[in-house]
Amino acid sequence: MKGMTLIVKTITDFVVAFIVVFGAYIVLYGHLTPGGGFAGGVIIACAFILLLLAHGSDAAFAVLPEKVAHIFDSAGALAFLIIGWVGVTGGFFFLNVFGRGEAFRLLSSGMILPLNIAIAFKVGSSLFLVFAALAMFRRRSFRAMIEEELS
Amino acid sequence: MTVYFLCAVLLMIGLYCLVAKKNIVKKIIGIVIMEYAVNLYLITIGYKKGGVAPIIDKTTNAELLERFVDPLPQALVLTSIVIGLGVLALMVSMVIRLYEKHGTFDMSQISKLRG
Amino acid sequence: MNPVPLYVAIPLGAAFLIPVLGMWWKKSGEALATLSTLLLAVMAILAVGTPAMVHHMGGWTAPLGIALVSDGLTVLLLITINVIAFLCTVFSLKYMTAYTGLPKYYSLFMLMVAGMNGVVVSGDLFNLFVFLEIASVASYALVAFGVEADELEAGFKYMILGSVASVMILFAVGTVYAVTGTLNMADAAREISTRFGGAEMNPALLLAAAFFLMGFGLKAALVPFHAWLPDAHPSAPAPISAMLSGVVIKSLGVYAMCRVMFHVFGFASSSPSSVIIANAMITLSVLSIVVGGLMAIGQWDFKRLLAYSSIGQIGYVTLGLGVGARVLATGGTRSLAALAILGGLFHLINHAAFKSLLFLSSGAIQHATGTRDMKMLSGLGKRMPITAATTNLAALSISGVPPFSGFWSKLIIIVATIKAGHPAVAAVAIAMAFVTLAYYVKVQREIIFGPVRGRAESAKEVSAAMYVPLIILAIVCVGFGLLYPVWGSRILEPARDAVLNSAEYVKLVLG
Numbered sequence: 001m002k003g004m005t006l007i008v009k010t011i012t013d014f015v016v017a018f019i020v021v022f023g024a025y026i027v028l029y030g031h032l033t034p035g036g037g038f039a040g041g042v043i044i045a046c047a048f049i050l051l052l053l054a055h056g057s058d059a060a061f062a063v064l065p066e067k068v069a070h071i072f073d074s075a076g077a078l079a080f081l082i083i084g085w086v087g088v089t090g091g092f093f094f095l096n097v098f099g100r101g102e103a104f105r106l107l108s109s110g111m112i113l114p115l116n117i118a119i120a121f122k123v124g125s126s127l128f129l130v131f132a133a134l135a136m137f138r139r140r141s142f143r144a145m146i147e148e149e150l151s
Numbered sequence: 152m153t154v155y156f157l158c159a160v161l162l163m164i165g166l167y168c169l170v171a172k173k174n175i176v177k178k179i180i181g182i183v184i185m186e187y188a189v190n191l192y193l194i195t196i197g198y199k200k201g202g203v204a205p206i207i208d209k210t211t212n213a214e215l216l217e218r219f220v221d222p223l224p225q226a227l228v229l230t231s232i233v234i235g236l237g238v239l240a241l242m243v244s245m246v247i248r249l250y251e252k253h254g255t256f257d258m259s260q261i262s263k264l265r266g
Numbered sequence: 267m268n269p270v271p272l273y274v275a276i277p278l279g280a281a282f283l284i285p286v287l288g289m290w291w292k293k294s295g296e297a298l299a300t301l302s303t304l305l306l307a308v309m310a311i312l313a314v315g316t317p318a319m320v321h322h323m324g325g326w327t328a329p330l331g332i333a334l335v336s337d338g339l340t341v342l343l344l345i346t347i348n349v350i351a352f353l354c355t356v357f358s359l360k361y362m363t364a365y366t367g368l369p370k371y372y373s374l375f376m377l378m379v380a381g382m383n384g385v386v387v388s389g390d391l392f393n394l395f396v397f398l399e400i401a402s403v404a405s406y407a408l409v410a411f412g413v414e415a416d417e418l419e420a421g422f423k424y425m426i427l428g429s430v431a432s433v434m435i436l437f438a439v440g441t442v443y444a445v446t447g448t449l450n451m452a453d454a455a456r457e458i459s460t461r462f463g464g465a466e467m468n469p470a471l472l473l474a475a476a477f478f479l480m481g482f483g484l485k486a487a488l489v490p491f492h493a494w495l496p497d498a499h500p501s502a503p504a505p506i507s508a509m510l511s512g513v514v515i516k517s518l519g520v521y522a523m524c525r526v527m528f529h530v531f532g533f534a535s536s537s538p539s540s541v542i543i544a545n546a547m548i549t550l551s552v553l554s555i556v557v558g559g560l561m562a563i564g565q566w567d568f569k570r571l572l573a574y575s576s577i578g579q580i581g582y583v584t585l586g587l588g589v590g591a592r593v594l595a596t597g598g599t600r601s602l603a604a605l606a607i608l609g610g611l612f613h614l615i616n617h618a619a620f621k622s623l624l625f626l627s628s629g630a631i632q633h634a635t636g637t638r639d640m641k642m643l644s645g646l647g648k649r650m651p652i653t654a655a656t657t658n659l660a661a662l663s664i665s666g667v668p669p670f671s672g673f674w675s676k677l678i679i680i681v682a683t684i685k686a687g688h689p690a691v692a693a694v695a696i697a698m699a700f701v702t703l704a705y706y707v708k709v710q711r712e713i714i715f716g717p718v719r720g721r722a723e724s725a726k727e728v729s730a731a732m733y734v735p736l737i738i739l740a741i742v743c744v745g746f747g748l749l750y751p752v753w754g755s756r757i758l759e760p761a762r763d764a765v766l767n768s769a770e771y772v773k774l775v776l777g
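Just so you know, the protein sequences line up as chains A, B and C, in that order. Taking the working numbering, the leading residue of the first sequence gets 1, the next gets one more, and so forth. Taking the working numbering, the leading residue of the second sequence gets 152, the next gets one more, and so forth. Taking the working numbering, the leading residue of the third sequence gets 267, the next gets one more, and so forth.
Since the hints were made in silico from the structure, they are not lab data. It is possible that part of the hints are untrue.
Listed below are several chain A residues computed to face chain B (Cβ distance under 10 Å; list not exhaustive) [to be verified]:
no. : residue
1   : 126
2   : 130
3   : 133
Chain A regions said to be covered by chain C (calculated; three or more residues, Cβ under 8 Å) [what the hints assert, rightly or not]:
no. : segment
4   : 42-52
5   : 77-84
6   : 89-101
For glycine and all other residues, C-beta sits at the position ideal for the given N, C-alpha and C.
Using the sequences and the hints given, assemble the complete structure.
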């Protein structure tokens, strides 16, 4: 994809950083306020999807290369599983062995925060990959359609 | 009770769309409508009159706790939306591939296998 | 520590490690998948004879947290799933080399195994639904893995009907939650039995039971919910067909139906609602036996014939369970119900063995000859002696020829059906057993015996990596029939007792 008009590009450059920061806030405060790893991950993925739509897939992949996104995707899931394994030291899968901390503070409720971060990596990168894959599909089938028209 | 009935109507609309439409994209829309009918049903199960969002913070007291709606169905719906998203992505990619192969979205033209 | 979560954690970990390692190490999928399925199979076999156990996730005890439960029925299914998954992985090593994107294949395969193991160990209704979706989504993608027109169409049909099934199951889960206020299966069972034990059920609950039957019936491909199976199973790569027919329809369909119907709803004696549910199960089973059998006769595509045969044989499994349920619901003797359930479970594990053997054999034949059209094959017995021998053996076993395992399980089901007072149903089951024999005789006559003709002329026996799993499964098929006294009391009878004693399940989980 080649991207959109100059207005869209400029606005996108302006807001992308804010969207990522907002997504990170939703992830980090997921155990205190509504939100969490999934919602925040979707918001972060939306920032990259916006980049992809406005500037084209090459620009988006320059910021987040496909290979890196694949690694984040699997690493997020593996991190979730490993955190679950940490609980086994206390006898149960997913046992909350980390300190609970003081209620309503950022560093509280033990392993929920790391789990949220792992989920955010998984969801953010995989949603971006799904969108990028579908976008590539579309480009390819359009080309096939045009070639068919010409022949 | 009326709300549950409306959920059932929505479910039937989705089922009708799935069964009656030949366009595979519309069939997918039918599936999505069915999923959301069930999600709506789950949410209404947990609702109670005058309920507030079940978020605990420093100001939460016993009186407010009583008015919380049931948070469990909301967690279920969140999970089911995520699953639905995954299935939808797979469906759409399969539809695009089918379109590449056949050049049409019409199920009656795509269909060669006989159940 | 308790090993139950490992059945989910190991394949899930492998599924996510494979794509990462696959970027640098091309053989990561083969290595990790073989290793983890071998480990799982060994773990499942070692779990035989261990007492039933519960794992409370995160240390939250049962009605609050998610419980993972392993009882006799679970162990039976875990052995079936993981042993066949291991053999299919070994078969894939050679067979799948023709395809591209192998790390993705093995990753999806491990996700499917994780989902099935999760369904089997889950003690929570919603968790069961989530694992069911994991296994289903992985299997949709695997059916369409070849990305040719047929595969895509079959995968799309499977996905549409599978999604409808999931919607129905989710609706039923929500209704059970609305009525009982809990998602834990044992807790829901206790609630239902104290409120409705022996009496007419709440109509909402009966609606939930109907939706569960439809949803799991769709996953198990019982007639009239079978339309996807004859397309999806033949279109998938052979090891996936073997997994789908061998274990997926059983763990997602039959096991889940059995667990929910027997343990959550329960078949309390002289409850009119329980009789309705049991009658529905028997009706669906008889329809499946008849339609699956009759449709299989006319097929000339080898894998399609096997797929229709799966519908019929799943009907026998649910017939055993349904008759057992009806005996319990009408207040018959427990020993008769036990016999019927034993027959159903015995046929379940038998069918897993011989149907995956048949599908793997069909894959070997397709690999060697390039076709699965029975009209183009003849006399493979002379060209591919090992594959032909295993195919023969599985065909004899599935069609119920006496010394083999299929005969004993069908005999038990039919005897139990007659004793329970359904001679007409038993007559249909016997007649369709002969029809099964008829279409497998057709398979033998067309592709194994006779003069060497058509594509068979240039065929050569497949390599050892492909025929070793076939031989192992063939030995299992013979062993199930002849050595029943050795393994039956250790694997099958605990499973039967687990199905029968729903009160014990409640006690196990809730403590």
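A quick look at each hint next to the structure:
1. 126: holds, 9 Å
2. 130: holds, 5 Å
3. 133: With Cβ-Cβ at 7 Å, under 10 Å, it holds.
4. 42-52: violated (count 0)
5. 77-84: As far as the segment 77-84 of chain A goes, the hint holds, because 4 residues have Cβ atoms under 8 Å from chain C.
6. 89-101: Check passed, 7 qualifying residues.
Going through the hint list in order, the structure does not satisfy hint 4, though it satisfies all others.
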